[in-house]
Each structure stands twice: as structure tokens, then as C-alpha cells.
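Novice: Here's the letter readout for the chains.
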Amino acid sequence: MRLTTKKFAALGAGAAMLTLLAGPAFGSSGVDVLYSSTGGTRTLSLFQPDGTTPLTSTDLSSGTSNFIAKVQDSSYTNNGFKVQATMSNLYGFANNTYNCSSEVPSSAVTLSSPTGLLTVGGVSANLTPVFTVVGTLTGTNISDPLLLTPVTVNNTVDGLLPASQNPLSQSQLTGSTATNLIGSTLASLAGTLPVNLPTTGLGGNFATPDVHPTCDTTATGATPVQIMDGTADPTGLLSDVQSLMTSTLGTSNPTLTQLINGGYLTSSDVSTMLQGITALVDQLGLTGLTSDLTSIENVLTASITSVTSLTGSIAQTGSYSSSPDLAINTTSIPAGSYKGVMTVTLIDQP
Amino acid sequence: MITRFRLLIAAVLASAGVLLASAPARAVQTTTWGLVAAPAGQHQRTSLSHPADGSTVHDAVIVYNRTARPVTVHLYVLGTNYVNGGYQFSRPDTGLAAGTSLGTHTVNLGPYQKVRVPVTIHMPHGIKSAALAGIGAEASAVNDGDLSIVQQLVVLVKANPSSHVVAPLAKDLFPWALIAIGILVVVAVLVERERRRARRFKGPLAAPVVA
Numbered sequence: 001m002r003l004t005t006k007k008f009a010a011l012g013a014g015a016a017m018l019t020l021l022a023g024p025a026f027g028s029s030g031v032d033v034l035y036s037s038t039g040g041t042r043t044l045s046l047f048q049p050d051g052t053t054p055l056t057s058t059d060l061s062s063g064t065s066n067f068i069a070k071v072q073d074s075s076y077t078n079n080g081f082k083v084q085a086t087m088s089n090l091y092g093f094a095n096n097t098y099n100c101s102s103e104v105p106s107s108a109v110t111l112s113s114p115t116g117l118l119t120v121g122g123v124s125a126n127l128t129p130v131f132t133v134v135g136t137l138t139g140t141n142i143s144d145p146l147l148l149t150p151v152t153v154n155n156t157v158d159g160l161l162p163a164s165q166n167p168l169s170q171s172q173l174t175g176s177t178a179t180n181l182i183g184s185t186l187a188s189l190a191g192t193l194p195v196n197l198p199t200t201g202l203g204g205n206f207a208t209p210d211v212h213p214t215c216d217t218t219a220t221g222a223t224p225v226q227i228m229d230g231t232a233d234p235t236g237l238l239s240d241v242q243s244l245m246t247s248t249l250g251t252s253n254p255t256l257t258q259l260i261n262g263g264y265l266t267s268s269d270v271s272t273m274l275q276g277i278t279a280l281v282d283q284l285g286l287t288g289l290t291s292d293l294t295s296i297e298n299v300l301t302a303s304i305t306s307v308t309s310l311t312g313s314i315a316q317t318g319s320y321s322s323s324p325d326l327a328i329n330t331t332s333i334p335a336g337s338y339k340g341v342m343t344v345t346l347i348d349q350p
Numbered sequence: 001m002i003t004r005f006r007l008l009i010a011a012v013l014a015s016a017g018v019l020l021a022s023a024p025a026r027a028v029q030t031t032t033w034g035l036v037a038a039p040a041g042q043h044q045r046t047s048l049s050h051p052a053d054g055s056t057v058h059d060a061v062i063v064y065n066r067t068a069r070p071v072t073v074h075l076y077v078l079g080t081n082y083v084n085g086g087y088q089f090s091r092p093d094t095g096l097a098a099g100t101s102l103g104t105h106t107v108n109l110g111p112y113q114k115v116r117v118p119v120t121i122h123m124p125h126g127i128k129s130a131a132l133a134g135i136g137a138e139a140s141a142v143n144d145g146d147l148s149i150v151q152q153l154v155v156l157v158k159a160n161p162s163s164h165v166v167a168p169l170a171k172d173l174f175p176w177a178l179i180a181i182g183i184l185v186v187v188a189v190l191v192e193r194e195r196r197r198a199r200r201f202k203g204p205l206a207a208p209v210v211a
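Chains as they are written, first to last, in this note's numbering: chain R, 1 to 350; chain F, 1 to 211.
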């Protein structure tokens, strides 16, 4: 059969229409996708107490056991997180068979997360400081008689961090040279970290059981016990950057020239910001603005007022660790072998 | 004609390749596998967040294998409540979880494979505070001790009372619109070429032969 040009065109148009209409449905039908995780990852790792052997089970025969839970951020967005655990009942297990009528309730197990063992290390943060530029420009202070009416500036401009501070290292953020921040050191410096680890509300008793794959598949509403609670804290980063800039430039209220020379602003960004000030452009014109730029930068001052104007502008790296203990109350539990399941969950806090 | 069909098929396949490209996204993961909300256009997300406007939202999560060994990941919807500083999960019988479904509940991942799993969410309407559900994922437990440890990752599903969040469906149409436009361009080029060829072919035959 020979296809005429019209038929061919109709076929093509039909294919295009079919693509547009049916495409989204096809795209959401479980196809493989290329996916790069280089945009940032947050990884949960569970280890035996040695800190290196992956944890797949633990033994409560002695009445207690412990493990390490670690969350590693790699250029991750400034979100908080929660690591929590739920526990099934433990059921009698002998000869590779469960005895579902013989159980140890999950409530007999308690998890404690010693706050003194919470550890943070390897933290760094990339961020965009936002400067608020202030000052009054007059014909006199910028030496331009065309500026007849003084112009008051109060505008924001996105800056950057100097190469030596981008990313901000853990020592720059905290002022501490310790490799790992732990215990009281961590507690005193928590407010300077992109994510801090509050110590309240951790640990507890598994009052309500989670499902057990063999003996209790319908359990619901299991009690979540908190292991770690990472709280995003961009305000801490703001004070970090403010302090660092002050110590770098020797003033908390530098001129734009000082900020440009220090690597915190570019003259181009300042020029763009100034071009948005109508009262200034109307008097000087864009050409005059360009020729007066150096003088203007000597007059105006700026301070860092925010680090979060751009969504996702903060990317953080670092590890957060906890060393929880598990303890089982063996009172009134008949001797025997029991097995259960503990689920450790990582939830991102959007 | 066969060449034209080949060109058309090539154009369609080349367009389909766009499906395989995806922007980097923020991912939560274990040491062996990971779970992430599918990007909405260029927007990377850590949750599936949509306005509670009564609509049906077609969204997705991506499950991926970080290792050279096969991994099977089980996915499920979780009823989710934020209670006493923690997330309490339950069967998806009520609320937002009851209106959330997955395209599949088991994903067998080959080495370093990534799979997009559709999520359909029937958004509530007229709620006054955010509603939550969860998409939970876990790999098979290793039963070699008294207490087996399962690592679970959860991507939250949120229904927001406000309408500030852009529904992803319109954004999802964008790449398909590009594909459709691409096909139309290819077809237009082929049609034009066919017309020119036809003119050249008709020319000598139509001309009167003068002896």
C-alpha cells in the first residue's frame, strides 16, 4: 500500500497527538529512568557497636544490646530528619518455626538513646548570603552633580562566599577544631550547625507493637521511638556567616567596596541591584550609573541579613550518629528462644 | 516509503529517550538502595506535596539500587500521623493514605537500576490543616538473629490546605509536548521533502513533448 503525502502527514500528526495525550500515562507506568543522586543524598547506616560492621540483627539474650545509627548528608538540602524505630512482639522460635502463641510483648523492650553519645562530624555548608545594602547617595558623596536629589538605598542583593569559606568548614561554623562534636561540646555548639540534634524526646518504650511477618501481620499504630531528631537550623548559619564576615573584614558594617574586595559580592551584582533603583537611574542614566559605580560602592554599606532567600541555597554535608541501647525486661518471660523485628526508619523533614 | 517510516520511528524513539533523562534529586537512601520523590520538572523534591483541592494527582517516586547486586524493595502506603515528635504509621485505611495508591508494591532492581513507581493520590478537599500519608519502602530482612533489623525509608505525602503548590500534572505534560512538537517538525520536514520530490517527478511527465 502506498501512503500519500496527506496520509503520511495525518499519520505523523496522529502520532504526535497520541504522544501528547498518552505520553504522561506511559511515563508513569514504572519505566526505568536515569537518575543521578549527585544532587545530594542523605544516607542511613546501621552498624554493630564496632562502628563498621553492618547491622542486620542484634541479640538480646543478655538482656541488652546496642548499635550505632548514622545519617550521612552529602550536599543535601537544609532539611531536618528523624530516625525512629518500631518493634514487633517477639515470638517463640524453635526448630526454625515460630510459636505464635508464645510471645514477648514489644512493650518489654525499651530503647534509650544516650544524649552524651550523639555525635556530629565532618560538617560543612554551602550557602548564599543575602546582603541588605543601605546608605544615602548624594551628588556630593559620589562626586556627580547630576544627582540632584539624594537617593536612599535599602535593597537586598545575593552575595557569595569567598573561596576560603565556600563551603564553610566545621571549624569555621563552630569555632571548634574538634573533629567530632560529642556530648557537652556538641550541646554548646549545636546552634552553629546547619542541622542540630536536640536531646529531648529520644528513646522510650515500644508500647504498641509493629507487624510481625509471621505471627502478627495486622498490627497497626506501632509506637515510634525516636533515635535521632535532626532539626534544620538556618538561623545558626546566619550568625556563623555574620561572625565570619566580621572577623574577615574587621567590621560588621563594611562598604560594598570592602565586600567586593573580600569576595563576598561582585561589582556586577551590585550594578544590577542599583539598576533597579528608579530614582537613581532617572537622574544618572545607565551610563552615569556605570561611571559612578566605584564611588557608589565606597559610600554604601551592607550587612548579611539572610542566608535562605533562594530555595535550596543551603547544601550541607556531615554525619550525625547515635548509639542507642536496647534493653528487655525479662520478668515473667518463660525461658526460650524468641524472635522479632525492629524497623529503623529514616524520614526526611521537608 | 520504508525510509520515511524508519525516520518516523527513529524520531519517536529519540523522543522517548527524553523519558530516560532526569534531573538530579534529593534522595534518602540506605547503603544499598534508595527512595526519592520523582522530580517535578526541574524541581527537586523530598516529599510529594500537593494542594488539597479534591483533584486526582498522578505523581511518582523513584526507587534505585546502589549496588552491583540485585535488590528487591517492597513499597507500601502508610497511614501517617505526627504524634509526640514522631511519625506514627498505621494501615492506610483512612485519610490521605486511603486515597493514595502505588503502581506496584514490589520492585526487583538489577545492578544500579532505577525504577519510577507511579503514585496516584486522590487529594482531599476543604481541609483546614495539612494531611499526611507515607510511602514506605524496605528491602527484605536478614533473619539471622533474635531481633531482625529492617531499614525503612519513608517519603511523606502531604495535602496542603493552601494552593501554593503547583500540581505536577501540568508540568508532566511539558516533556510530552516537546516530544509531540518534535514529531510534528519531523513530519513537516518529510512532507515538504515528499512534495518537492513529487514536483520534480511530475515536472517532465506533465510537460508537452515537442518533436
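Take the hints with a grain of salt, since some may be wrong.
[To be verified] Across the chosen pairs, the derived CB separations fall in these ranges:
id: 1; chain 1: F; residue 1: P124; chain 2: R; residue 2: T199; range: 34 to 40 Å
id: 2; chain 1: F; residue 1: P161; chain 2: R; residue 2: I333; range: 46 to 52 Å
id: 3; chain 1: R; residue 1: S268; chain 2: F; residue 2: G41; range: 26 to 32 Å
id: 4; chain 1: F; residue 1: G85; chain 2: R; residue 2: G183; range: 20 to 26 Å
id: 5; chain 1: F; residue 1: P124; chain 2: R; residue 2: S247; range: 49 to 55 Å
id: 6; chain 1: F; residue 1: T120; chain 2: R; residue 2: I333; range: 40 to 46 Å
id: 7; chain 1: F; residue 1: N108; chain 2: R; residue 2: L249; range: 27 to 33 Å
id: 8; chain 1: R; residue 1: S247; chain 2: F; residue 2: T120; range: 49 to 55 Å
id: 9; chain 1: R; residue 1: G276; chain 2: F; residue 2: P124; range: 49 to 55 Å
id: 10; chain 1: F; residue 1: R69; chain 2: R; residue 2: T199; range: 35 to 41 Å
id: 11; chain 1: F; residue 1: A68; chain 2: R; residue 2: D269; range: 42 to 48 Å
Bear in mind the hints are in silico, worked out from the structure with no lab data behind them.
Predicted model only: the values in this text are computed from it and were never measured.
Cβ coordinates follow ideal geometry from the N, Cα and C atoms, glycine included.
Novice: For this structure, which hints from the list above don't hold up?
Specialist: 7, 9
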